Each structure stands twice: as structure tokens, then as C-alpha cells.
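Given next are the chains, with one letter for each unit.
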Amino acid sequence: MFEIFGIPSQALFGQLLIGLINGSFYALLSLGLAVIFGMLNIINFSHGAQYMMGAFAAYLILQYAGLGYWPALIIAPILVGITGIIIERAFLQWLYKLDHLYGLLLTFGLALILEGVARNYFGSAGLPYTVPESLQGGRNLGFMFLPNYRAWVIAASLTVCIGTWFVIERTRLGAYLRAATENPTLVRAFGINVPRMITLTYGFGVALAAFAGVMAAPIYNVSPQMGSELIIVVFAVVVIGGMGSILGAIVTGFGLGVVEGLTKVFFPEASNTVIFVIMAIVLLVRPAGLFGRRG
Amino acid sequence: MERVVDPLTKKSSAWRVQSETIAFVVMVAALAIAPFFTYPLFLMQAMCFALFACAFNLLIGYVGLLSFGHALYFGWASYLSAHAAKVWGFTPELAILTGTATAAICGLIAGSLAIRRQGIYFAMITLALAQMMFFFALQAKFTGGEDGIQGVPRGHLFGLIDLRNEMTMYAVVLIIFLAGFMFIYRIIHSPFGEVLKAIRENEARAISLGYKTDRYKLAAFVLSATLAGVGGATKAIVLQLASLTDVNWPMSGEVVLMTLVGGLSTIFGPVVGAFVILVMQFKLAPIGEWVLVIQGAIFVACVLLFRRGIVGELANKLRIRL
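Residue numbers (numbering that gives the first Met the number 0), protein chains in the order written: chain A, 0 to 294; chain B, 0 to 321.
This is chain A alone, in the form it adopts within the complex (with noise of 0.2 Å):
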């Protein structure tokens, strides 16, 4: 046991790793925004909703199917993909001639129907899921007490973040994504499916929403409102780092995360609103955001 800056070094790692853990989510929702504002220019409002989605799904995958966690890890993002898929085909491709606002104001509505329901199913409070078997227990590293789920966590969201930006930056696939953000019609002229490409790549970001979704179950309590009280925190991520880049969503995720752990434990009071703050702070220095392009 030892001391810095006069706090236990037991509090100040704990609460790095509590920062790691948020900022593994924010990083993998900042992520599906990204890449969903790059093809659609449509800020997914509902992505939160989609998140607390994913965790349901989890959650009645076990009670109705008898499949525990790591199935439903596979399962719960496709069939949540699915529903953003239809959701993309019934809804949002009707508004992309139309301002962004539209689809903004869209999506808030079916985020304001996916947690009415999910509430008037579930109950305002949560619902326990539990930690799978082979990942209970932990580790002691010396200096810190280390949960085998949350290193899991954090390892999964990092690899399924690099995985991501290894496909949109460095493979053929992505190569066709990033050319149908820049000229959607000079790719069509070369043959390329650009409407088929924007609905997989709506089913693909609300499929990374629920996949967080699935992973925060065990952590957090399975509830309806879960989703729009982290949305709006990602909400301010996104203005800081900017839409412009993949990796830069993926650093300004963990980064805050941390940021906001480490205030956890210097300054609890504040750590509620830390992320605004630096938001606000950001804007004022670089208001084109940290990773941002301007314009």
C-alpha cells in the first residue's frame, strides 16, 4: 500500500480502471457514430437506445433461449443489427436529401419509443446480469486488485476498435466506404451497391452499439435508461475529438474516460460534469475539435 498525491494508490488505480471501462464504451459508441455520420449524415440519436438494446437482448437471450454470455455476445449485436438495418430501409433513407436536423429529430423519436417500451416492459429498474463463470474472479497485480471482466472489457473494446479502423482505413472495403463518404455518385458510376452499402453500414455502427450493450450488462445494471444518460456524455466525446477521424474517436473515448476517473478521485464532486467541462473548454481553444477538420 502506498500513497500519491496523498490518495491511496488502492482508490487512484480502482478508479483508473473504473475511467478504462467507460471509456471502453465511450470509444466503441463514439466509434459507431463516426462511422455511421460518415455514410449517412445522420447523427444516430437513438445509438444509446441501441445500447440498451443489445444489453436486453443479452438479457432475454438467457431467460427465454438459456444462452449465457458469450453467445449472446455473437447473437445480440446481429439481431439488433437487423432491427437497425430495417430501421435504415423504413425510416432514415427517406432523409438523407433533407437537412441533417431530420434525422437527428428521427432518431430521438424512435430512442424516445425503444425506452418507452423497453419501460414499460421492464420497470424503471434494472435487472441483474450476472458475469460469466469463466471470467469471474480476478488477479492481483501487486499494486491493484484487477477483475477478469473488466480487463476482458477493456481488451475486447480495444481489439474491436483497431479491428474497426484496420477495415475502414486499410482494406478494399473500406477503401469503397471512405470513397462513397467523400462522392456517393462517382462511386455508383463505378458499379458499386452505395444504397446497400449505407443500410450494412447503419446495421454495422447500431451492431457495435449492442455489442457494447452486451458487454456493459454484467457491469451495469440491465435498465431502460441506461442508454440515454451515456449518449448524451458521448454526445460531448464526439465534439470534442471530432467526426473527422476513426482513431481519433478511439483515443478521445479511452482518454476522457480516464480524465473522468482520475477527477473521481481528486474531485468527486465534479466528476459528473468533467467531460462538459473539457467540452466547453475545447471549444473555446479548438473549436474545430481535437481530431477535427475544419468546416
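Just so you know, these hints were derived from the structure itself, not from any lab. The structure displayed is predicted, hence computed values, not measured ones. The beta carbon of each residue, even a glycine, is placed where N, CA and C say it ideally should be. Fair warning: there could be bad hints in the mix.
Said to hold, decoys possible - Distance windows between CB atoms, simulated:
id, chain 1, residue 1, chain 2, residue 2, range
1, A, Leu283, B, Ala296, 37 to 45 Å
2, B, Gly88, A, Phe142, 51 to 59 Å
3, A, Gly65, B, Glu165, 58 to 66 Å
4, A, Arg171, B, Phe134, 43 to 51 Å
5, B, Leu303, A, Asn139, 49 to 57 Å
6, B, Tyr184, A, Thr158, 38 to 46 Å
7, A, Asn220, B, Ile293, 22 to 30 Å
8, A, Arg177, B, Ala296, 34 to 42 Å
Dock chain B against chain A, hints included.
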């Protein structure tokens, strides 16, 4: 935003003024006789929300800026108004002024940050700042946290007129609402308002014509926040309550919904929208959480099928301006 094409460009401006005047007279007459037919308290609350929605519409309908955090000005005005009336013992008009001034200051600070980014980022910044102030309201001592500020005295207007009488209070709220409404009408039809509309249509061109658009946007933002504050501050006196509901993000969504349902960029739309949404909430209260689902469905329907809103559709059908 997509806008209603002005159907009147070919008609004489006399008729244009007439249709708005007639609608205004109808509205005033309806509000004057309404308290004899339905609950005055409900009507007063609806007028406060109508003013809130009109203030919000000034920004989205006439400058094209979507603020997703207008609950900040409404809610904090209502907190300060309630606090001033209850703890500092201010008379109601001074309490409302205190709340309004709070909203103006918040609007100046939040607005000068938010206008540094455009479009979608603007909406996200206003939402995030509002959420920050929600957490302040949650933690601050004087707001009473989850309980809010309860039992706010209505007091005596100018120290003379007892507002505990429901009809007297109603008259005061009606005057405040109409004054706010006419002020917004004046702003929209002033040279300043014309510049705002120019910014909405084509900001780059407005800049090239020599307008400092950031200053205009900030002025419009502060005006909108201030008028939203008048609504919030008055509401605190009327309902004798200021609570977290008024500063939380669903409230910001609700005012967007009211304006969208009534009709963006129409003068009377937000008023109609506010009444429609409040009546709906009142009637549907027994079914609990389904209200949220229905509101969400209305959002979706409005965006997909019904972008002009009630008043916008009506104006378009009758080929008049409302």
C-alpha cells in the same frame, strides 16, 4: 431545414397581414374565454409552454439553429424565480425578472460556445451544456435536488394584487404570454429578423454581404433563451414548483416536439403544438410510460410525413401565412 414555401408571394401584403391579425384575434379571444370552460391552471401551464416553444422556434424556425438544450434556460429560470420568491421574498414580477435574467446570462454563455460549431455539432453542444447544468441542479443545495423547490408563494403582484386568486393569476399569465408572443412577432418582422432569415437561407452569402453572422446568431440565441426563461420563471410562480423535470433533457425534446407538431417557421405553430402536446399528456396520463412511446411515434411521423406541422399544413392549404 426544409421550409414551407411562402404561398403569399403573389398575393397582396394586405391580405397577409389580415390573415395573421385574424388568427391573433381568434387566439386572444379563445384564451380570454377558455378559463370559463376548462381548468385555468392547465391553461396557464400551457401558455408558459407555448411561450417556451415560441422562443425555441425563433431559433430553429428563423435562424435554422436546432438547440437541443433549451430545458437549461426554462429550468434554471424556473429555479431562480422560485428561489427568489420563496427565500428572498421577492414580489412575483421581480422573481420572474430574476429568473429571466438568469436565462439570459446562461444563454449568453452557452450560446457563445455553441455558435462556434455548425449544424449537427451545434445541437450536440447545446444538449451537452444543458446536461452539465442539469447535474449542477442535481447537486446544488438551493435547488432541493430530487425534491425541487416546493411551496413557492405566488405573492402579491407589485406588492398589491393578490395572485392566489386563480383568475387574477390567469390574467397576469395571459398578459405575459401575449407580450412575449408579440415581441417575438416584432423580432421576426424587423430588419434584424430579415438578417436572421438570410442567415438561415444561406449563411455564406450573408457573410459575403458584410453581416457579422456570428453576432446575429448569438443575439438570436440570447433572445430565445431569455424568452424561454420568461416561460420557465412564470411557470414556477403559477405551479408554485420548480423541479428537475424542467431542466432535464426530455424537456428539451418536448419543446422540439411541440414546435415540430405545431409547425416550424410559423408564428402560431408552437402555440398550437404546445397545447396539443399538453392536452395529449393530460389525457394519456393514465397509461403511464406509453406516453413516451406515443411521443416518439409522433416525432417519427412528423419528420417522415408531416414536416410542415399542423399550422404549416393549414396555411399551405388555405394559401395564407400564419
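Quick rundown of the hints versus the structure:
For Leu283(A) paired with Ala296(B), a C-beta distance near 40 Å keeps the hint of 37 to 45 Å intact. Evaluation of the 51 to 59 Å hint for Gly88(B) and Phe142(A) yields a pass: the beta carbon distance comes to about 56 Å. Hint check: Gly65(A) to Glu165(B), Cβ distance near 60 Å, so the stated range 58 to 66 Å holds. At roughly 45 Å, the beta carbons of Arg171(A) and Phe134(B) sit within the given window of 43 to 51 Å.
At about 56 Å, the CB distance of Leu303(B) to Asn139(A) agrees with the hint of 49 to 57 Å. Our hint of 38 to 46 Å for Tyr184(B) and Thr158(A) is violated, since their Cβ atoms are close to 58 Å apart. Roughly 26 Å separates the CB atoms of Asn220(A) and Ile293(B), a value that falls within the hinted 22 to 30 Å. For Arg177(A) paired with Ala296(B), a C-beta distance near 36 Å keeps the hint of 34 to 42 Å intact.
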